[in-house]
Amino acid sequence: MENITNLDLDLLRDSLVRDDLVFLDGFHAVKHAARFGADIELVVCADLAKFYSLARDLAPSLNEQLGSSMKSIGWREIEKIGPGRAHWTGVWGVAKKPTYSVAEILDSGDPVVLLEHPENLGNLGACIRVAAAASVGGVLVVGTDMLWAPAVVRSAAGLQFAVPVAPLADISAITRPIIAIDPKGQDASSSVIPEAAIFAFGNERHGLSSQIEDLAAARIKIPMKNGVSSLNLAVAVGVVLYTFMG
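Oh and the sequence shown: position 195 is 197 in this note's numbering, straight run, nothing missing.
Rather than coming from a laboratory, the hints here were simulated on the basis of the structure.
Warning: the hint list may mix true and false statements.
Stated by the list, open to error - Straight line, CA to CA, 30 Å or less: simulated DSS-like cross-link-like pairs of lysine-lysine:
1) Lys-99 with Lys-52
2) Lys-98 with Lys-82
3) Lys-52 with Lys-82
4) Lys-99 with Lys-73
As the list claims (entries may be wrong) - DEER-style ranges, computed between Cβ atoms:
5) Thr-177 with Trp-90: 25 to 35 Å
6) Ser-55 with Asn-228: 39 to 49 Å
7) Ser-55 with Asp-109: 25 to 35 Å
8) Ser-231 with Pro-62: 17 to 27 Å
9) Gly-124 with Gly-76: 24 to 34 Å
10) Lys-73 with Val-230: 18 to 28 Å
From the three backbone atoms N, C-alpha and C, an ideal C-beta is built for every residue, glycine too.
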């Protein structure tokens, strides 16, 4: 396995800030990027034995796809990329960012997840991971364009390559039925959901805006034990998707 060059280090650093590149943080992000057809420019590995072990157990085809093209990197060199970039799997990569559009997501005909002003990037990534697992038509996000930030890619395990994601600037442009997830809504277990629904989830602290509540075709709540005030955002997304898409 070849050692990385200074140009490779520059590419890894650049991928943290460039809009056209994605920093793949960890084995699972690299695995999913490769599995779902990403254009991967570089994969580096600090522990080849661990990579082969993970690939054997979780993605046997990855050895054939990436094994011969990977480059060796030392743990000290990883710290040169930026603070906090170490990952227990010892694998990192760079891929070209795919282009997704709001129109593409809305035209899919499948249910869509709409997140309004998510504050925590880890939550955002976890929501994308759940949405990919549930095979929705896409994820639209109001209030941030950081859908490919390293923290989001890491928590999503690179599944932005498996489900289209896009920032949404104008909520009023949506013509499909919006289902607002709201603690003041109807019980989810007794609700009838229209086809091609858009499930809207609000901010972790403040919930949905009045604009989305006004546009919603229905408002539903997730039943919870008395005294339990809320669920983690990604858990709520999972509950709703698997209730109505299962």
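Holds or violated: are the alpha carbons of Lys-52 and Lys-82 at most 30 Å from each other? holds, 22 Å
Ser-231 versus Pro-62 beta-carbon gap, inside 17 to 27 Å or not: Given range 17 to 27 Å: violated, Cβ gap about 44 Å.
Between Ser-55 and Asp-109, does the beta-carbon spacing fit 25 to 35 Å? violated, 42 Å
Please check whether Gly-124 and Gly-76 have a Cβ separation lying inside 24 to 34 Å. holds, 28 Å
Okay, Thr-177 versus Trp-90 on CB: inside 25 to 35 Å? violated, 45 Å
30 Å limit on alpha-carbon distance, applied to hinted pair Lys-99 and Lys-73: holds, 21 Å
Below or equal to 30 Å on CA atoms is what counts here, so check Lys-99 against Lys-52. holds, 27 Å
Distance restraint hint 18 to 28 Å, applied to the beta-carbon atoms of Lys-73 and Val-230: For Lys-73 and Val-230 the Cβ distance comes to about 48 Å; the hint is violated.
Cβ-Cβ distance between Ser-55 and Asn-228: within 39 to 49 Å? holds, 46 Å
Hint consistency between Lys-98 and Lys-82 [alpha-carbon to alpha-carbon, up to 30 Å]: Measuring from Cα to Cα gives roughly 22 Å; hence the hint holds.
Of the hints listed earlier, those the structure fails to meet are numbers 5, 7, 8 and 10, in rising order.
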